[in-house]
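Residue numbers (my numbering), protein chains in the order written: chain A, 1 to 443; chain Y, 1 to 443.
A hint or two may mislead.
Identical copies go unnamed one by one, so any copy, or any two together, can satisfy a pair.
As the list claims (entries may be wrong) - Distance condition first, Cα-Cα at most 20 Å in a straight line; then the derived DMTMM-like pairs of lysine to aspartate or glutamate:
| # | residue 1 | residue 2 |
| --- | --- | --- |
| 1 | Lys-441 | Glu-102 |
| 2 | Lys-60 | Asp-11 |
| 3 | Lys-254 | Asp-267 |
| 4 | Lys-442 | Asp-390 |
| 5 | Lys-223 | Glu-166 |
| 6 | Lys-9 | Asp-340 |
| 7 | Lys-109 | Glu-295 |
Quick caveat, the hints were computed from the structure, so don't treat them as lab data.
These numbers come from a predicted model, not from an experiment.
Single-letter residue listing:
There are 2 protein chains.
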Amino acid sequence: MQVDHFGFKNDKHFNQRYLIADQHWKKEGGSILFYTGNEGDIIWFCNNTGFMWDVAEELKAMLVFAEHRYYGQSLPFGANSFKDSRHMNFLTSEQALADFAELIKHLKKTIPAAKNQPFIAVGGSYGGMLAAWFRMKYPHMVVGALAASAPIWQFEDMVPCGVFMEIVTADFRRSSPNCSKSIRKSWDAIHRLTRNSTGLNLVSEALHLCTSLKNSQDVQHLKDWIAETWVNLAMVDYPYESNFLQPLPAWPIKVVCQHFKNPNVSDTELLQNIFSALNVYYNYSGQAKCLNMSETSTSSLGSMGWSYQACTEIVMPFCTNGIDDMFEPHAWDLKDFSNDCYRQWGVKPRPTWITTMYGGKNISSHSNIIFSNGDLDPWSGGGVTKNITDTLVAINIAEGAHHLDLRANNAFDPMSVLLARSMEVRHMKKWIRDFYASLTKKH
Amino acid sequence: MQVDHFGFKNDKHFNQRYLIADQHWKKEGGSILFYTGNEGDIIWFCNNTGFMWDVAEELKAMLVFAEHRYYGQSLPFGANSFKDSRHMNFLTSEQALADFAELIKHLKKTIPAAKNQPFIAVGGSYGGMLAAWFRMKYPHMVVGALAASAPIWQFEDMVPCGVFMEIVTADFRRSSPNCSKSIRKSWDAIHRLTRNSTGLNLVSEALHLCTSLKNSQDVQHLKDWIAETWVNLAMVDYPYESNFLQPLPAWPIKVVCQHFKNPNVSDTELLQNIFSALNVYYNYSGQAKCLNMSETSTSSLGSMGWSYQACTEIVMPFCTNGIDDMFEPHAWDLKDFSNDCYRQWGVKPRPTWITTMYGGKNISSHSNIIFSNGDLDPWSGGGVTKNITDTLVAINIAEGAHHLDLRANNAFDPMSVLLARSMEVRHMKKWIRDFYASLTKKH
C-alpha cells in the first residue's frame, strides 16, 4: 500500500493486512461485506464482528476485514511507525479511506468474480465513522454502509460536550439511582482518604493496586482510571457474558451496581465497594493478583495511534459538570488539550477539520448509510439517531450498548437488536438488488 | 491557508488569493458563485469568465474567484515553491479542493449574510474538473456545480487516447478537407526540408523563427510547437475576435485554413503556407518581428505547476496515428512518460489514482452537476456529453470551442451557446430554490 496517497514525494509502500472469508461467497449474485478497520488489531475486530459471519450465507457474501494503517501489523514504517511526527504523518482518516479504496480495486483486479459485485462497508465505532465516510467520499466503491455506533457528530459543538458522560451516568442510574449517586460521592471520598501518606497506602491496599499511590498526581491518575472503567462498562454493557474490552459477566453494570446499593456509607466502606466494583471489570476471571492502573482494556486496541489521531483530526470535546453526570466537573479546554498534544506528539489538533471534510450535520445529499446506535452506548450521544432521508436511516437499539448489533447472534440478545439486525439486512439486500438491477440496465 | 490539509507535521500557512465582486449580491435570497480556480493567474480567469458577471444580477449573486495553490500569487513557499519535489509536494487536486472548502468556511464566517446562502461551484477545463469533483467530494459546501469543458474521463482507458487529436483534426477538416490534408502532409515536408544545414536555415528563415534550427532535435521541437499551435487553435476557435490564449480573429481556424486550400503544392510552398497560418495565431496584432518557439499561449497559465500536475495525478493519455488525425503517429507510452517525469520533477505519475479518487465513469450517485461541452473543443472527447441522471446533466454546444459558455455574452454568439447558458441558469436557479426550500423546512 502507498504510504502517502496525497503527495508524490514519498513513493514508499508498506504491507497492509487484510483477512478474507469466502466460504459462503457466491460468484453469481453475491456481495462483499468490507469491514473498514478501526484503531486495533484486525483479527480482534474480525472475532468481534459475528454479525458479518452470521449474515454471510444469506447475502452470499465474501467477508473482507481491512486493517487500519498504524494498527495491528499494518505499520507503514515497522517499529519506527510511532517514532516521531514525521513517521506519524500518514496516520489520518483520509489516508485510511484511500487505503480501503485501493484495496477494493486490488480485490476486484485479483478476484475476477468480485469485479461486478456490490461492496458494502461495515464498521463499528471509529470504524463505523470510516464506513459512513467511505460511502460519502467513495460512493463508487461501496453501494452502502452500515455505520454501527459511529459518533460522527461528536465534534466541535454539534452535540453538547456533556452528553457522553450523561449517558454513562444514566446507564448506572438505570441499574439503581443509588449506584450513580455512590459513584458521584466516591471522588470526594477518595480525595479525603488520600490526604496523607497513611491514606495513600490505605487506599492502595484497599484497591489492591499493583503500584502504590505516592502523591496527588497518582491520585488524579487513580480517579481518571476509575472513571474510564465506568465509561468502558457503559460501552460493553452487553446482555450476556462477553469478552470485548475485558472478560465480563452479562449486564456487567447491574453486577457492578450491586456493590453500590447504599450511598450513605463511610468513606472506607465506599472504598471497599469501589474495589468490589472494579473487581467485576478487572478480575472477572478471578486470576488477577492486583489491579493494574496502566490498563483499562484489551491490548488489541492501538493506544499510541489513537492518541495521535485524537490529537490531530479526531478531536472530540468531552466535559462533565458533576450535576447531570456522576463525575467530577471538568470543562472542555481546547487550549490545554492542544498544549498536551503538542508536548506528546509535536502536532497541534485541528478541531474543525473533520466537519470541513465530512460535512458535519449537512450530509443529506449522500445516500445508503445505516446509522445504528444503542441507547445504552455513551457514543450514541454523538451519533445519528434520527432518519435524515429515506436512504440515510437511523436504527436505535433500546437495550444496546456499543455496536451490539455487530456482535454474533446470542440466545440472550434482546428483541431490539434482533430487529435492528433484520432491518440492516433488509437495507443491504435492497442495495444489492439495486446494484444488480442497474448492472442489467447497463447491458 | 494551511499548506498541508492531509498531514499534521507541517503546520505552515500561506496567503491564498481570491477575488470578490458583490455589486449584484443580495443579502436576501441571494447566492454565491464560486469559481474553482485552475492552473493560472486568477485575475486572468476572472477576466475570461464573463458568464458569471452576466448572470450575477439574475441570480442575486456574489462572485468569488479562488486562485489555485501554486499558481498566480498563491504560492505556498513563495519563490521556492517550484524548487524541488519537497516544495511541490502539496500541489494536488485534493489539497486544492480542501482550500476551496476552507475558503468557503472562511467566507461564511466573515460575511454573515453569506452563511445561509447557497454556494455554486463554477469552473472551466481543469477548473471544471475541480468544480465537478468539489460537488462530488464536498456536497455540503456547494449545492451544485457547473463543470464547463471538464475532461473528467480523459484518464486511463476511459476514452480512446486518440479522440483528442481526432477532434482537433475534425475542426480543421470542417473548414475544408484540404486544410487537414495539407497539415498531415506538412510533417514529411518539414522533414525533407531540414535534412541538411542549408535546409535548416531555409526553414528557420521561411518561418521567421526567433531562434534558428540547429539540428534534428530542434526540428522535433518545431513540429511539436506547430502541432500544439493547431491544438490551441481548436480550443479557442471562437465565433468572434478574442484574446484568450492569444489575440485572434473570429473563427481563427477558418482564417488559418485559407492558407491551406491546395494540398498539392511543393514543400517550400507548403512551408510558406505554414508560416502564413502560424502568423494568424502568433501575430494577429502584426507586431511580432519573429515567431518564438518557446511560447504557445498566454503567460497567465502556470506551465511549471501544470507540468508537475500532469506528471503526478493528472495523467492524460494522448496518442495519434496519422490516419484518423492529421498528426505524426505517436503512441501513448506510460513508461517513457514516467521516466521523463522522474527526470524533470523527481516524482512518478500514478495514472490510476484519479479514477480511484473521483470514481471514473461510476459517478451516478452524485447530483447537481452540469457538464457542458463544445463540439469543437478537443477536450469534449474526455468530457461527459450524455446525461448520467436527472441531476447529472450534459449540455452540448454544437458551435462551441473550449468553455465558450463561460465567456461573456457576445453579439456573435451562436444560438447553441445562448441556449446552453440559459439551461445552465435554469439548473442553477433550481438548486438555489431547492436550497431555500430546505432551509424553510428546517425552521
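Okay, the hints, checked on the actual structure:
1. Lys-441 <-> Glu-102: Neither: 27 Å inside a copy, 40 Å across copies.
2. Lys-60 <-> Asp-11: Neither, since 38 Å and 47 Å both go past 20 Å.
3. Lys-254 <-> Asp-267: So Lys-254 and Asp-267 fail the 20 Å test inside a copy (22 Å) and across (97 Å) alike.
4. Lys-442 <-> Asp-390: Answer is between: at 16 Å across copies they meet the 20 Å cutoff, but 25 Å inside does not.
5. Lys-223 <-> Glu-166: within (18 Å within a copy, 74 Å between copies)
6. Lys-9 <-> Asp-340: For Lys-9 and Asp-340, only the inter-copy Cα distance (16 Å) is at most 20 Å; the intra-copy one is 30 Å.
7. Lys-109 <-> Glu-295: neither (42 Å within a copy, 43 Å between copies)
Figure legend: structure checked against the earlier numbered hints; hints not met, in rising order: 1, 2, 3, 7.
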